[in-house]
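Q: With chain A fixed as given, assemble chain B onto it according to the hints.
Residue numbers (the numbering used here), protein chains in the order written: chain A, 391 to 696; chain B, 391 to 696.
Rather than coming from a laboratory, the hints here were simulated on the basis of the structure.
The structure presented is a predicted model; accordingly, all values stated were derived computationally and were not measured.
Do not rely on the hints blindly, as some may be mistaken.
Intra- or inter-copy, both count: the list cannot distinguish identical chains.
[As the list claims (entries may be wrong)] Derived pair list, reagent style DSS-like, types lysine-lysine, alpha-carbon separation capped at 25 angstroms: (1) K618 to K565; (2) K652 to K534; (3) K495 to K633; (4) K692 to K633; (5) K616 to K554; (6) K616 to K558; (7) K532 to K652; (8) K618 to K558; (9) K554 to K483; (10) K616 to K692; (11) K497 to K554; (12) K483 to K497; (13) K484 to K534.
Protein chains: 2
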Amino acid sequence: MEFIDELHFLKEQLFFKERICRNEGFENIVIAGMGGSGVAGQIFREMYSEVPVHLVDDYSIPRFVSRETLFIGISYSGNTEETVSATKEARRKKAHVVTISSGGKLKGLGNQHIAIPNATLQPRSATGYMLMPLLNSFGMVKKKSIQSAYWLLSELDKDNSECKAHAKAIMQGEKIPCIFGSRPFASIAYRWKTQFNENAKVLAYSNSFPELNHNDTMAIAQTYSKGKFYFMVFASERERIRKRIAVTADITDAQFNEIRAKGRSDFEKAMYLLHYGDYISYHLGRMRNVAPEDVSLIQKLKVRMA
Amino acid sequence: MEFIDELHFLKEQLFFKERICRNEGFENIVIAGMGGSGVAGQIFREMYSEVPVHLVDDYSIPRFVSRETLFIGISYSGNTEETVSATKEARRKKAHVVTISSGGKLKGLGNQHIAIPNATLQPRSATGYMLMPLLNSFGMVKKKSIQSAYWLLSELDKDNSECKAHAKAIMQGEKIPCIFGSRPFASIAYRWKTQFNENAKVLAYSNSFPELNHNDTMAIAQTYSKGKFYFMVFASERERIRKRIAVTADITDAQFNEIRAKGRSDFEKAMYLLHYGDYISYHLGRMRNVAPEDVSLIQKLKVRMA
Numbered sequence: 391m392e393f394i395d396e397l398h399f400l401k402e403q404l405f406f407k408e409r410i411c412r413n414e415g416f417e418n419i420v421i422a423g424m425g426g427s428g429v430a431g432q433i434f435r436e437m438y439s440e441v442p443v444h445l446v447d448d449y450s451i452p453r454f455v456s457r458e459t460l461f462i463g464i465s466y467s468g469n470t471e472e473t474v475s476a477t478k479e480a481r482r483k484k485a486h487v488v489t490i491s492s493g494g495k496l497k498g499l500g501n502q503h504i505a506i507p508n509a510t511l512q513p514r515s516a517t518g519y520m521l522m523p524l525l526n527s528f529g530m531v532k533k534k535s536i537q538s539a540y541w542l543l544s545e546l547d548k549d550n551s552e553c554k555a556h557a558k559a560i561m562q563g564e565k566i567p568c569i570f571g572s573r574p575f576a577s578i579a580y581r582w583k584t585q586f587n588e589n590a591k592v593l594a595y596s597n598s599f600p601e602l603n604h605n606d607t608m609a610i611a612q613t614y615s616k617g618k619f620y621f622m623v624f625a626s627e628r629e630r631i632r633k634r635i636a637v638t639a640d641i642t643d644a645q646f647n648e649i650r651a652k653g654r655s656d657f658e659k660a661m662y663l664l665h666y667g668d669y670i671s672y673h674l675g676r677m678r679n680v681a682p683e684d685v686s687l688i689q690k691l692k693v694r695m696a
Numbered sequence: 391m392e393f394i395d396e397l398h399f400l401k402e403q404l405f406f407k408e409r410i411c412r413n414e415g416f417e418n419i420v421i422a423g424m425g426g427s428g429v430a431g432q433i434f435r436e437m438y439s440e441v442p443v444h445l446v447d448d449y450s451i452p453r454f455v456s457r458e459t460l461f462i463g464i465s466y467s468g469n470t471e472e473t474v475s476a477t478k479e480a481r482r483k484k485a486h487v488v489t490i491s492s493g494g495k496l497k498g499l500g501n502q503h504i505a506i507p508n509a510t511l512q513p514r515s516a517t518g519y520m521l522m523p524l525l526n527s528f529g530m531v532k533k534k535s536i537q538s539a540y541w542l543l544s545e546l547d548k549d550n551s552e553c554k555a556h557a558k559a560i561m562q563g564e565k566i567p568c569i570f571g572s573r574p575f576a577s578i579a580y581r582w583k584t585q586f587n588e589n590a591k592v593l594a595y596s597n598s599f600p601e602l603n604h605n606d607t608m609a610i611a612q613t614y615s616k617g618k619f620y621f622m623v624f625a626s627e628r629e630r631i632r633k634r635i636a637v638t639a640d641i642t643d644a645q646f647n648e649i650r651a652k653g654r655s656d657f658e659k660a661m662y663l664l665h666y667g668d669y670i671s672y673h674l675g676r677m678r679n680v681a682p683e684d685v686s687l688i689q690k691l692k693v694r695m696a
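Bound-form chain A, shown alone (with noise of 0.2 angstroms):
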């Protein structure tokens, strides 16, 4: 399969229906998950907060991890072995597993597995079967909202020329992409990182407005190699944080390139600019005349960490 193709196979995984069959009545939920899994729980996360949600991406699990605890593992391939070995920690803490993967340890481990349907992916091309399933275990998405997405996507995979343009100007200069979202997106900016890293091979960095304002200000306006960071930053809805984008853009004397997602609901938006950064670190990746593809040290990683 192309990853051009699997690209836009992302609008199909939106229509991915299952869900977990016991969601209620936890004290918490805890996702363990690293990479593009990561990434759905973290998108996750920032949608839901009727109770905490705790992210693991490591081998282990916290101490709070008990029967009230509802444990959700995720790996593409159900063999990453930190989210194997974080997924039997809470089963023998009694928590209730649900594990979600094409197949793999992880299957079998849990009281429920969701099955990806679709073993060929890249692991992180298959966000939205991660994803959707969290969503929809929780009433988080409508199905007018999904449609609509799928028609966003759509549009996108006719014309991406705006996200090539970017890519062309990280290109010229050979440019460290900078990403800044905000809630309820500030997950996606750090996909976009990820998705630099993988697809383009170049080394990327993200942050989130207000946060950035306590850290990074000094440095955009100060740093030496100003001139090498390329700064792309989401328009938000929230007049506060609007105001800082503006004003950060304008103490600093940075160029902040917007990118403005489109879509009504939140869910809409964020598989838009979801979609959008794909598109972006793909053509870098081409315009590199790098694999976007190609993982082959991460696969060498794991065989010598067997």
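A: Leaving out everything else, chain B in the frame of chain A:
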């Protein structure tokens, strides 16, 4: 007060004995704080996991906050607008509210106020004052360990030539500091990033093992401008993480500068690493002829946001 004196002052802050009067029986803990105050929350969360600890770095709080929540609002000045806003919301939701500040609007908003005694520091130099009440309240640090940390930091105050050498290596070639930590010191890697931003006015990047193996790895190997990055990696005592660091350095062909913590307990090591990073960024700022204590743009931003 000279900024270098402020750095020395961290070791005195470790003896700050204040604690939260009521710390038991809560279902969860929510800590609101931006910048240096947020870092105190991050360090605490990495050490404490008896109940979920949720960090807020924005104006509003999650829906789950209730009477069963211990809410802690931290701001050195007591006037950080995001933290004041979040704390007021927590009060309205009947959480048990504790405030930590040197004064300002925060004082008086909660059920208990912990007053930071010295109001003349840079906020980020007061991390000890903001962290110790959290650790003290849950019995997480022994007197002996504080004593040992005091001596470790004193040694660094006397001789920080190693830190200066790192700063010099970064300054030559005007490199971008990349700090890679791992639990239980992932939050310290983030602290280093923020200190490079504010003390040295350079953009910087941090991440942690094992998560960075799932995204940064390809980029570390193949990014353009590879020579522009200066990698500092915290040595780990965890066998799998040690192996990950070694294999990653090998397959990416990147120079990983190892940073080795001194001390016995995690607390001692965390404080040593924190102080060590402060010195690198301080020296880098001096070498760049920027004033480490200058945060004029952040002040300007606050004025324009008012």
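Q: Could you run down the list of hints and mark each one as holding or not?
A: Verification of the supplied hints:
For a Cα distance limit of 25 angstroms, the shortest separation of K618 from K565 qualifies both inside one copy, at 5 angstroms, and across copies, at 11 angstroms. Taking CA atoms no more than 25 angstroms apart as the test, K652 paired with K534 passes inside one copy only; the shortest distance there is 15 angstroms, against 57 angstroms between copies. Taking the shortest alpha-carbon separations for K495 and K633, only the inter-copy value of 22 angstroms comes in at or below 25 angstroms, while the best intra-copy value is 48 angstroms. For the identical chains of this complex, K692 and K633 are inter-copy neighbours only, at 11 angstroms across copies versus 45 angstroms inside a copy, given an alpha-carbon limit of 25 angstroms.
With identical chains, the CA atoms of K616 and K554 are at most 25 angstroms apart both within one copy (23 angstroms) and between copies (23 angstroms). For the identical chains of this complex, K616 and K558 are neighbours both inside a copy (18 angstroms) and across copies (19 angstroms), given an alpha-carbon limit of 25 angstroms. When the C-alpha separation of K532 and K652 is checked against a cutoff of 25 angstroms, the pair qualifies only within one copy, where the shortest distance is 17 angstroms, while the shortest distance between copies is 53 angstroms. Taking the shortest alpha-carbon separations for K618 and K558, both the intra-copy value of 14 angstroms and the inter-copy value of 21 angstroms come in at or below 25 angstroms.
Within a single copy, K554 and K483 get their C-alpha atoms no closer than 48 angstroms, and across copies no closer than 47 angstroms, so neither meets the 25 angstroms cut-off. In the homo-oligomer, the alpha carbons of K616 and K692 lie at most 25 angstroms apart only across protomers (23 angstroms), although the nearest pairing inside one protomer, at 36 angstroms, exceeds that limit. In this assembly of identical chains, the alpha carbons of K497 and K554 never lie at most 25 angstroms apart, being 39 angstroms within a copy and 51 angstroms across copies at closest. Within a single copy, K483 and K497 get their C-alpha atoms as close as 18 angstroms, which meets the 25 angstroms cut-off; across copies the closest is 40 angstroms, which misses it.
Proximity of K484 and K534 under a CA criterion of 25 angstroms is satisfied in neither setting, with 37 angstroms inside one chain copy and 37 angstroms between copies.
Violated hints, in rising order: 9, 11, 13; the structure is consistent with all others.
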